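Peer 1: Residue numbers (this note's numbering), protein chains in the order written: chain A, 1 to 433; chain B, 434 to 726.
Derived from the structure by calculation, the hints contain no laboratory data.
Computed from a predicted model, the values in this text were never measured in an experiment.
Errors might be hidden in some of the hints.
Simulated crosslink set (DSS-like; lysine-lysine; CA at most 30 Å straight-line) [claimed, not checked]:
hint : chain 1 : residue 1 : chain 2 : residue 2
1    : A       : K415      : B       : K670
2    : A       : K176      : A       : K259
3    : A       : K259      : A       : K275
4    : A       : K162      : A       : K355
5    : B       : K670      : A       : K339
6    : A       : K259      : B       : K670
7    : B       : K670      : A       : K276
8    : B       : K670      : A       : K226
9    : A       : K133      : A       : K319
10   : A       : K275      : B       : K670
11   : A       : K237      : B       : K670
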Amino acid sequence: MKRITFTTAATLAFVANAAFAETEITWWHAMGGALGDTVNQIASDFNASQDEYKITPVFKGTYEETLTAGIAAFRAGEQPNVMQVFDAGAATVIGAKGATIPVQDLLADNGVDFDINDYIAGVRYFYADSDGKMIGMPFNSSTPIMYYNIQALEKAGVTAPKTWEEFQTVTAPALKEAGYTALSQSHLPWIFTENFHSRHNLPFATNNNGYDSVDTQILVNNDAIKAHFTAVTDWQKNGHFEWFGTGWGDNQTPFEEGKVAMWLGSSGSFGGLSKKDLPFDFSATMLPYWETVTTEPTQTFIGGASLFAMAGHDAEENKATAAFFDFLTSAEVQYFWHKETGYVPITEAAYEMAKADGHYDRAPAAEVGIQQLSLPAGDNTKGYRMGFYVQIRDVMNREYGRILTGETSVEDAFKAIESEANALLARFAKTQG
Amino acid sequence: MKRAGFSTKWMPILLLLPQLVIIAVFFYWPAAHAIHSSFFLQDPFGFGSTYVGIDNYTDLLGSSEYRRVARFTVVFTVLVTFFSLALALLLAVKADNVLRGARTYRTLLMWVYAVAPPVAGFIGLIMFDQSWGPLTRFAGYLGWDFVLGVNFNDTATAMVIVSVWKQIPVNFIFFLSGLQSIPRAVREAALIDNRSATGRFWDVTFPLLAPTGFFLLIINITYALFDTFGIIDTLVKGEPGNNPMTLVYKVYVDGFRGNDMGGSSAQSVILMVLVLALTVFQFRMIDRRIHYT
Numbered sequence: 001m002k003r004i005t006f007t008t009a010a011t012l013a014f015v016a017n018a019a020f021a022e023t024e025i026t027w028w029h030a031m032g033g034a035l036g037d038t039v040n041q042i043a044s045d046f047n048a049s050q051d052e053y054k055i056t057p058v059f060k061g062t063y064e065e066t067l068t069a070g071i072a073a074f075r076a077g078e079q080p081n082v083m084q085v086f087d088a089g090a091a092t093v094i095g096a097k098g099a100t101i102p103v104q105d106l107l108a109d110n111g112v113d114f115d116i117n118d119y120i121a122g123v124r125y126f127y128a129d130s131d132g133k134m135i136g137m138p139f140n141s142s143t144p145i146m147y148y149n150i151q152a153l154e155k156a157g158v159t160a161p162k163t164w165e166e167f168q169t170v171t172a173p174a175l176k177e178a179g180y181t182a183l184s185q186s187h188l189p190w191i192f193t194e195n196f197h198s199r200h201n202l203p204f205a206t207n208n209n210g211y212d213s214v215d216t217q218i219l220v221n222n223d224a225i226k227a228h229f230t231a232v233t234d235w236q237k238n239g240h241f242e243w244f245g246t247g248w249g250d251n252q253t254p255f256e257e258g259k260v261a262m263w264l265g266s267s268g269s270f271g272g273l274s275k276k277d278l279p280f281d282f283s284a285t286m287l288p289y290w291e292t293v294t295t296e297p298t299q300t301f302i303g304g305a306s307l308f309a310m311a312g313h314d315a316e317e318n319k320a321t322a323a324f325f326d327f328l329t330s331a332e333v334q335y336f337w338h339k340e341t342g343y344v345p346i347t348e349a350a351y352e353m354a355k356a357d358g359h360y361d362r363a364p365a366a367e368v369g370i371q372q373l374s375l376p377a378g379d380n381t382k383g384y385r386m387g388f389y390v391q392i393r394d395v396m397n398r399e400y401g402r403i404l405t406g407e408t409s410v411e412d413a414f415k416a417i418e419s420e421a422n423a424l425l426a427r428f429a430k431t432q433g
Numbered sequence: 434m435k436r437a438g439f440s441t442k443w444m445p446i447l448l449l450l451p452q453l454v455i456i457a458v459f460f461y462w463p464a465a466h467a468i469h470s471s472f473f474l475q476d477p478f479g480f481g482s483t484y485v486g487i488d489n490y491t492d493l494l495g496s497s498e499y500r501r502v503a504r505f506t507v508v509f510t511v512l513v514t515f516f517s518l519a520l521a522l523l524l525a526v527k528a529d530n531v532l533r534g535a536r537t538y539r540t541l542l543m544w545v546y547a548v549a550p551p552v553a554g555f556i557g558l559i560m561f562d563q564s565w566g567p568l569t570r571f572a573g574y575l576g577w578d579f580v581l582g583v584n585f586n587d588t589a590t591a592m593v594i595v596s597v598w599k600q601i602p603v604n605f606i607f608f609l610s611g612l613q614s615i616p617r618a619v620r621e622a623a624l625i626d627n628r629s630a631t632g633r634f635w636d637v638t639f640p641l642l643a644p645t646g647f648f649l650l651i652i653n654i655t656y657a658l659f660d661t662f663g664i665i666d667t668l669v670k671g672e673p674g675n676n677p678m679t680l681v682y683k684v685y686v687d688g689f690r691g692n693d694m695g696g697s698s699a700q701s702v703i704l705m706v707l708v709l710a711l712t713v714f715q716f717r718m719i720d721r722r723i724h725y726t
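With the hints as extra help, turn the sequences into a complete structure.
Peer 2: The following block contains the structure:
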């Protein structure tokens with residue numbers, strides 16, 4: 001009897017000990033719905049792959065809500081180990097020196113091999129500092145591409161346009177003739193502003209697009225983009241373009257309904273569109289460019305979000321975070337994520353694996369984003385870094401909405417964006433002082 | 434009459450203490466904090482802050498966008514308050530006259546009270562959907578090309594309609610109980626003196642309803658200013674763009690979405706002053722002119 005008790009106790013102690021030895025880390029993210037399920041899948045795969053570490057993903061709401069929750073938690077000393085931060089919030093989190101551990105340092109310190117050249121070109125530097133050191137680990141990376149309704153284009157007897165000139169002289173009139181609105185697009189600041197500058201290799205802000213210093217001015221009030229928005233308003237008048245509101249889904253829904261023939265959206269929308277039972281077949285192509293601006297269009301950069309390792313945790317937990325990042329960037333996990341969601345695989349190895357597996361033979365549209373991110377780079381294609389950028393985007397959304405409802409002129413709108421954005425940038429520079 | 438009293442002055446203070454602590458911790462301390470941070474520009478993560486004096490306030494007052502939001506807030510508050518009070522009063526007067534099925538009628542009118550603001554906003558979103566919303570179609574019949582989320586005035590209209598709809602039941606309940614507490618004798622006397630129902634309403638009923646009405650006026654102004662947040666957030670889908678927003682919503686947009694702590698603190702302080710002014714106005718100016726029976 002006594003012996004049994006002793007054995008039981010020993011077993012219990014052993015089990016308890018094993019459980020105790022597991023280092024637990026948390027991951028706050030903004031991936032709801034089907035994306036959230038995929039995130040949970042990755043986390044449980046990681047937990048099953050080894051028994052030293054356990055990661056717990058926690059859904060915190062929208063990107064903005066996740067960032068705000070993370071900031072509040074950091075100020076209270078309760079920050080998670082891993083936090084997902086979206087593109088526009090990058091300057092805030094990277095600017096706060098000491099809030100995060102640069103991912104490159106974290107991996108190197110914990111003996112994980114890291115080479116920035118393993119990553120896809122358009123992914124590499126968006127979350128890096130001005131010296132090219134990777135601060136945030138790109139996670140759900142996407143880039144704007146052009147989706148199109150195959151039947152609509154066939155009916156109109158056109159192919160997807162390569163340039164905006166082709167769009168306005170050939171594609172749009174033919175589609176209108178065939179009974180379609182040619183184009184709608186989600187997120188004007190992201191697609192028609194940030195990536196517009198990247199696609200045409202135009203500077204978007206001073207100081208190397210804001211990477212080199214916080215004392216930055218926005219360069220958005222330029223002729224190329226003003227000409228573009230003037231063209232957009234003309235298209236709108238001709239019935240070639242329609243704007244359905246600021247919300248992402250407002251402009252995607254008419255495309256899904258078959259009312260709009262082409263939609264500019266995120267490469268990350270591919271998974272969602274494929275799962276929907278659309279009344280037509282769709283494919284995608286790269287973002288058109290203006291031949292009058294450049295004959296050698298460059299790559300776009302990523303949107304979406306990245307993962308930051310928050311500072312203030314002990315070495316053991318940081319080691320667990322590094323192990324998780326190592327797992328996350330493995331080709332298998334990246335390919336799984338890419339296939340499920342449509343976000344681009346962030347490493348060359350994962351891209352090769354997807355190709356070898358025949359993923360793009362089955363779904364050519366899934367490759368467009370990554371091809372566009374791998375185009376030749378320019379001086380202005382690695383991204384941008386601006387503080388209070390969430391508010392700057394709000395200003396852009398407001399002024400673009402006014403342009404498209406005829407409340408203001410293109411000229412006045414860009415003057416307003418320039419002056420309000422510069423005021424916000426100056427305010428942000430003071431917070432870093 | 435026997436007066437209840439305390440033998441020591443510490444006893445009442447001790448009994449009040451829990452309430453005072455709650456007020457201090459949850460109201461005065463955050464308010465003081467907001468005033469303090471409105472004079473700083475702060476790194477969101479709390480690593481550094483720079484004293485900027487009254488810059489946050491001058492920036493706000495110099496911003497044409499802030500003035501535009503303030504103007505919209507005034508118009509929105511006036512419209513929501515007026516329509517929710519007027520329609521509720523109309524419904525209450527009608528309900529007061531109903532003899533048969535009165536209970537059902539009242540219950541049906543009160544139902545909406547239980548709807549949470551974001552849910553009300555969501556219902557609005559469905560009713561005014563751009564392609565298939567029933568109210569959008571109805572507007573279409575009247576030749577009004579209603580586009581929620583695109584046109585500033587259309588979105589503002591939807592915000593007012595949903596906010597009024599949500600607020601009517603509360604006002605209705607108060608007005609109805611106010612009406613029912615008017616003594617029968619007074620009504621009968623009025624019936625003899627004045628044959629016109631409208632005349633009777635304005636000369637007798639309405640003044641007797643004044644205390645209720647005044648209370649509701651303050652409640653409704655506060656509602657339109659602060660509690661419509663959920664409705665606005667849902668109707669603009671969290672992305673205001675060129676759509677209208679109120680001052681409280683702008684505090685959220687700049688503070689929570691944009692992480693501009695100093696700027697949004699200054700906006701909160703301005704709102705606090707506004708509420709203070711409203712309270713003073715309530716007790717000093719209007720309260721004296723109302724006769725409580």
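Peer 1: All hints are to be evaluated individually against the structure, with a verdict given for each.
Peer 2: Quick rundown of the hints versus the structure:
About 27 Å separates the Cα atoms of K415/A and K670/B, which keeps this hinted pair within 30 Å; it holds. Between K176/A and K259/A the alpha-carbon distance is near 11 Å, which keeps this suggested pair within the 30 Å criterion. With a C-alpha separation of about 19 Å, the suggested pairing of K259/A with K275/A holds against the 30 Å cut-off. Simply put, K162/A and K355/A have alpha-carbon atoms about 24 Å apart, close enough for the 30 Å limit, and the pair holds.
At most 30 Å may separate the alpha-carbon atoms for a hinted pair to count; K670/B and K339/A meet this at roughly 29 Å. A distance of roughly 22 Å separates the Cα atoms of K259/A and K670/B; the hinted pair therefore holds under the 30 Å criterion. As the CA atoms of K670/B and K276/A are separated by approximately 22 Å, the hinted pair is consistent with the 30 Å bound. For the hint linking K670/B to K226/A, the alpha-carbon distance of about 28 Å falls within 30 Å, and the restraint holds.
Using a Cα cut-off of 30 Å, the hinted pair K133/A and K319/A holds, with the two alpha carbons roughly 19 Å apart. Simply put, K275/A and K670/B have alpha-carbon atoms about 24 Å apart, close enough for the 30 Å limit, and the pair holds. Between the alpha carbons of K237/A and K670/B the distance comes to roughly 26 Å, so the proposed pair stays at or under 30 Å and holds.
The structure meets every hint from the earlier list without exception.
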